[in-house]
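Sequences listed follow chains A and B, in order. According to the working numbering, the first sequence holds residues 1 to 406 in order. According to the working numbering, the second sequence holds residues 407 to 664 in order.
No wet-lab data here; the hints were simulated from the structure. Just to be clear, a hint being listed does not mean it is correct.
[Said to hold, decoys possible] Below, in silico cross-link-like pairs of lysine-lysine (DSSO-like), each with a Cα-Cα straight-line distance of 30 Å or less:
{"#": "1", "chain 1": "B", "residue 1": "Lys-434", "chain 2": "B", "residue 2": "Lys-600"}
{"#": "2", "chain 1": "B", "residue 1": "Lys-426", "chain 2": "B", "residue 2": "Lys-600"}
{"#": "3", "chain 1": "B", "residue 1": "Lys-657", "chain 2": "A", "residue 2": "Lys-316"}
{"#": "4", "chain 1": "B", "residue 1": "Lys-439", "chain 2": "A", "residue 2": "Lys-5"}
{"#": "5", "chain 1": "B", "residue 1": "Lys-430", "chain 2": "B", "residue 2": "Lys-418"}
{"#": "6", "chain 1": "B", "residue 1": "Lys-657", "chain 2": "A", "residue 2": "Lys-401"}
{"#": "7", "chain 1": "B", "residue 1": "Lys-558", "chain 2": "A", "residue 2": "Lys-401"}
{"#": "8", "chain 1": "B", "residue 1": "Lys-558", "chain 2": "A", "residue 2": "Lys-319"}
{"#": "9", "chain 1": "B", "residue 1": "Lys-629", "chain 2": "A", "residue 2": "Lys-401"}
{"#": "10", "chain 1": "B", "residue 1": "Lys-426", "chain 2": "B", "residue 2": "Lys-601"}
{"#": "11", "chain 1": "A", "residue 1": "Lys-319", "chain 2": "B", "residue 2": "Lys-599"}
{"#": "12", "chain 1": "A", "residue 1": "Lys-20", "chain 2": "B", "residue 2": "Lys-425"}
{"#": "13", "chain 1": "A", "residue 1": "Lys-401", "chain 2": "B", "residue 2": "Lys-472"}
{"#": "14", "chain 1": "A", "residue 1": "Lys-19", "chain 2": "B", "residue 2": "Lys-661"}
{"#": "15", "chain 1": "B", "residue 1": "Lys-430", "chain 2": "A", "residue 2": "Lys-316"}
{"#": "16", "chain 1": "B", "residue 1": "Lys-425", "chain 2": "A", "residue 2": "Lys-316"}
{"#": "17", "chain 1": "B", "residue 1": "Lys-523", "chain 2": "B", "residue 2": "Lys-428"}
{"#": "18", "chain 1": "B", "residue 1": "Lys-439", "chain 2": "B", "residue 2": "Lys-523"}
{"#": "19", "chain 1": "B", "residue 1": "Lys-428", "chain 2": "B", "residue 2": "Lys-657"}
{"#": "20", "chain 1": "A", "residue 1": "Lys-395", "chain 2": "A", "residue 2": "Lys-20"}
{"#": "21", "chain 1": "B", "residue 1": "Lys-439", "chain 2": "B", "residue 2": "Lys-472"}
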Amino acid sequence: MYGIKAIVGKELRRVFKDKKMVMSLFVLPVLMVVGIFALMSVLIKGRTDDIEAHEPVVYIANAPTSFESFASAAGLTGYIEPALESGDWLDNAKAGLLDATVDLIVCFPDNFESAVMTGADELASVTIPQIEVYYNPSEDYSSQARSVYQTYFEMYKQGLLANRFGDYSAVMMFDVTDNQIQDEDKAAGKMLGMMLPYFITMLIFAGAMGLGVDMIAGEKERGTLATMLLSPVNRQQIVLGKVFSLSILAVMSAAVYVVSMVAAVPALMKSVGGEDALSGLSINFTGVQIVQIVVLMIGVVLLYVSIICMVAVFAKNVKEASSYITPVYLVVIVVGMFTMYSSAEGVMYKYLIPVYGSSMAFKDILTREITMPNFLAAAISTYVVAALLVLVMTKAFNSEKVMFNA
Amino acid sequence: MIEINNLTKIYKLSSNQMKKLKTKNSTKVAVDKVSFSAEAGEILGLLGPNGAGKTTTLRCIATLLKPTEGSITVQGHDTVSEPEAVRSSIGFLTNEIKLDPQFSAKYLFHFFGRLHKVPEDVLEERRKELFTYFGIDGFEDKKIEELSTGMKQKAAIAVSLVHDPDIVIFDEPTSGLDIITARSVTDYLLELKKKGKLVIISTHIMSEAEKLCDRLVVIIDGKKTAEGTLENIYEATGTNNLEDAFFELYKENHKEER
Ligand SMILES: Nc1ncnc2c1ncn2[C@@H]1O[C@H](COP(=O)(O)OP(=O)(O)OP(=O)(O)O)[C@@H](O)[C@H]1O
Ligand SMILES: [Mg+2]
Chain A
1 MYGIKAIVGK
11 ELRRVFKDKK
21 MVMSLFVLPV
31 LMVVGIFALM
41 SVLIKGRTDD
51 IEAHEPVVYI
61 ANAPTSFESF
71 ASAAGLTGYI
81 EPALESGDWL
91 DNAKAGLLDA
101 TVDLIVCFPD
111 NFESAVMTGA
121 DELASVTIPQ
131 IEVYYNPSED
141 YSSQARSVYQ
151 TYFEMYKQGL
161 LANRFGDYSA
171 VMMFDVTDNQ
181 IQDEDKAAGK
191 MLGMMLPYFI
201 TMLIFAGAMG
211 LGVDMIAGEK
221 ERGTLATMLL
231 SPVNRQQIVL
241 GKVFSLSILA
251 VMSAAVYVVS
261 MVAAVPALMK
271 SVGGEDALSG
281 LSINFTGVQI
291 VQIVVLMIGV
301 VLLYVSIICM
311 VAVFAKNVKE
321 ASSYITPVYL
331 VVIVVGMFTM
341 YSSAEGVMYK
351 YLIPVYGSSM
361 AFKDILTREI
371 TMPNFLAAAI
381 STYVVAALLV
391 LVMTKAFNSE
401 KVMFNA
Chain B
407 MIEINNLTKI
417 YKLSSNQMKK
427 LKTKNSTKVA
437 VDKVSFSAEA
447 GEILGLLGPN
457 GAGKTTTLRC
467 IATLLKPTEG
477 SITVQGHDTV
487 SEPEAVRSSI
497 GFLTNEIKLD
507 PQFSAKYLFH
517 FFGRLHKVPE
527 DVLEERRKEL
537 FTYFGIDGFE
547 DKKIEELSTG
557 MKQKAAIAVS
567 LVHDPDIVIF
577 DEPTSGLDII
587 TARSVTDYLL
597 ELKKKGKLVI
607 ISTHIMSEAE
617 KLCDRLVVII
627 DGKKTAEGTL
637 ENIYEATGTN
647 NLEDAFFELY
657 KENHKEER
C-alpha cells in the first residue's frame, strides 16, 4: 500500500505542479466548451434575428378582391403584384427564387373569386380552386416567407368559410388536443442512456491517453521507470499506483468537461430561445441507481485506464505507444456508438462482454430496465477484466524483455 | 556478501538488432560463465573494454535482469527468488537509469525514501548529510532537468543511497564528470568502504581502478580473464602497471570474430 500511495502522490504532483499540464487538462477544456457554446449562441441568434428582420420579396399574381381586402385588414402589405401582360414574368420570378432575389411566388387561379364566393347550396357546381405557391426550401428567407404566408392563407380561408356557412365553427367539426402521458424520468433516462456511455468513453480516453502514454512508455524511454524498479516495492504496487493516479486524473478532466457543458448548454438554449428542449433532460435518480452508476463508472474508468496502460507498457517508446493507442481508441468508440442504437435485451451473457456490457448496463440503469443479476454481471466482468489487465501488466513489469528490451 | 556462480547472460536479438550488429546469430552471449565473490569492507572493480559485459553483470546483481544460467546471491538472498530482499540491501547506479527530470532532487530523495520505507526523520537527516557532502543542498529545490551533468550525477548518487544500503553498486560512477566532481565521488566511495560497506564499481579508467579498488575482476568478451589484487594481476601478466596488464590480458583473450 505504501508504494501505491507514494506513486499516486508523485503522479498527481507531476501534473498539478506543471502549469502547462494544468492548462491543457483542466483550463483549456473549460475555455473551449464555453467558447464554442458562446460562439454558437451568437451565431444562431444572429441568424434567427436576421431572418425575422428580413423584408420578404413576395409576388402575388391575380390576387382576388377578397384577398386584397383581407390583406389590408390583416396588415399584410409589401407584396408585389406582377404585371401579368408580360407573359414571362413567372419564369423571371422563378429564376429569382433560385438566385434568392425573390422569396415567394403565389398564383391565384382566374376563377378563384367566383369559386370561393359560391354559396353553400350551390357547391356541386364548383371545383376546389388551387393556389400555386413557389418557394425555395434551401433558402432560409424563402422558407420563412412560406410559413408566414401559410398562416395568412389559413386565416383567409377561415374568413371565407365563415362567409360561406355563416359560422366557422360549423365546418370545423372537431378539434384535437394532445396530452402526453409518460414517465418523464424514463424518457430523459433514455436520452441520457444513449449519449452517456459514449461521452464517458470519449472523455475518459481523451483525458487519459496522452497522460498514460507519458506516464509509462515515456518513463520507460527516459529510464526513470528503471529507477523505480530498483526499489524493493512490489511491481504490482507500481502498476496499481500508475492505474489509480491515471484514473483520478481522467475522472477529474472528464468532470471538468461535464461540469462546463452542464453550465454552458442551458445558457446556450436560453439565448436562442430553445429552453423547452432541455426540460426533457432533467432526471431524478433513486438511491439504488446512484450506487449502481457509481460502482459501474469506477469500474469502467479502471478498465479503460488499464487498457491504456497496457498498451503503453508493451510499447517500446512513446511514439510506438501513441500509434498503438489510436486504433484501440477507435475500437472503443465504435463499440460505444454501437451501443447507442442497440440493446442487450436483458440477455445476461451480453452484459459480460467487456466495454459493450458496461455501456449496455449504463443505458438500462438510466431507463430503469436493469435487473440486479444483469447489473452484477456487467459490474463484475468490468472489474475482473481490469484486474486481469493489472495482473498481465505486473507480469510485464517483471519481464526484462518488456522493461529493458533484453 | 555477494556470490556469483557461473553467471551466463544471453540476449536474444531482434531482427533489427541483428541487422545493426551485422550478425547472423540470433543471440548474443554478453556474460559467459563468470564466477566471483565480494565481501563487506572492500571495493571491487569490474574492469573491461566497451561491450565486455560489465553493465550486464551488475544489472543481474541488481535483479533487473535474470541470469540465463548460473546464480547470484546477495547476503544469502537469491536474486531470482527473493528479488525484493536483494533490492532493499543494494544501492545501484547506472547511466541508463535516470531521475525524473520534472522533479526536484529533494522531492525524489523523499519519494524513494518512502519506497524503501525509511522513516521520515531518518530520511530528513540522511538528506541533509548526503546533500551537504555532494554540495547539492543549494540546488535541492531545482528540477533535475535544470541541473548540470555533474549535479545530476551527484543527485542520482545521493538518491541511490537513500536507504543506507550495505552494498553499493555503481556502474561507471565518474563517467562524464570533471576531475573535481569525480574526486568527490571516489572519496565518498572510500568513505563507504571505511563504514564497512561493500562497494562494486565498473570502470575502464585504469588510474581510477588502481587508486580505488582493493580487488579487480577483469572481463573481456563476457569472460572473466583475471581476478585478484593489483599485485596478483601484475604478477600474472608480468607487468608493473594496470594499463600494460590490461593490454596483455586483452591480447591474450580477445579473438577477432570471423
Ligand atoms: N538489451 C540488449 N539486447 C541485446 N544485446 C545487448 C543488450 N544490452 C547489451 N547488449 C550487448 O551485450 C554486450 C555487453 O553489454 P554491456 O552493456 O554489459 O557491456 P559493458 O561492459 O557495460 O560496456 P560499456 O563499457 O560500453 O558500458 C554488448 O555486446 C552489448 O551490445
Ligand atoms: Mg556499461
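Results of checking the hints against the structure:
no. : hint                    : in the structure
1   : Lys-434/B <-> Lys-600/B : violated (39 Å)
2   : Lys-426/B <-> Lys-600/B : violated (45 Å)
3   : Lys-657/B <-> Lys-316/A : violated (38 Å)
4   : Lys-439/B <-> Lys-5/A   : violated (41 Å)
5   : Lys-430/B <-> Lys-418/B : holds (12 Å)
6   : Lys-657/B <-> Lys-401/A : violated (34 Å)
7   : Lys-558/B <-> Lys-401/A : holds (28 Å)
8   : Lys-558/B <-> Lys-319/A : holds (26 Å)
9   : Lys-629/B <-> Lys-401/A : holds (23 Å)
10  : Lys-426/B <-> Lys-601/B : violated (45 Å)
11  : Lys-319/A <-> Lys-599/B : violated (44 Å)
12  : Lys-20/A <-> Lys-425/B  : violated (41 Å)
13  : Lys-401/A <-> Lys-472/B : holds (10 Å)
14  : Lys-19/A <-> Lys-661/B  : violated (56 Å)
15  : Lys-430/B <-> Lys-316/A : holds (23 Å)
16  : Lys-425/B <-> Lys-316/A : holds (18 Å)
17  : Lys-523/B <-> Lys-428/B : violated (46 Å)
18  : Lys-439/B <-> Lys-523/B : violated (36 Å)
19  : Lys-428/B <-> Lys-657/B : holds (24 Å)
20  : Lys-395/A <-> Lys-20/A  : violated (34 Å)
21  : Lys-439/B <-> Lys-472/B : holds (14 Å)
In summary, the structure is inconsistent with hints 1, 2, 3, 4, 6, 10, 11, 12, 14, 17, 18, 20 from the numbered list given earlier, while agreeing with the others.
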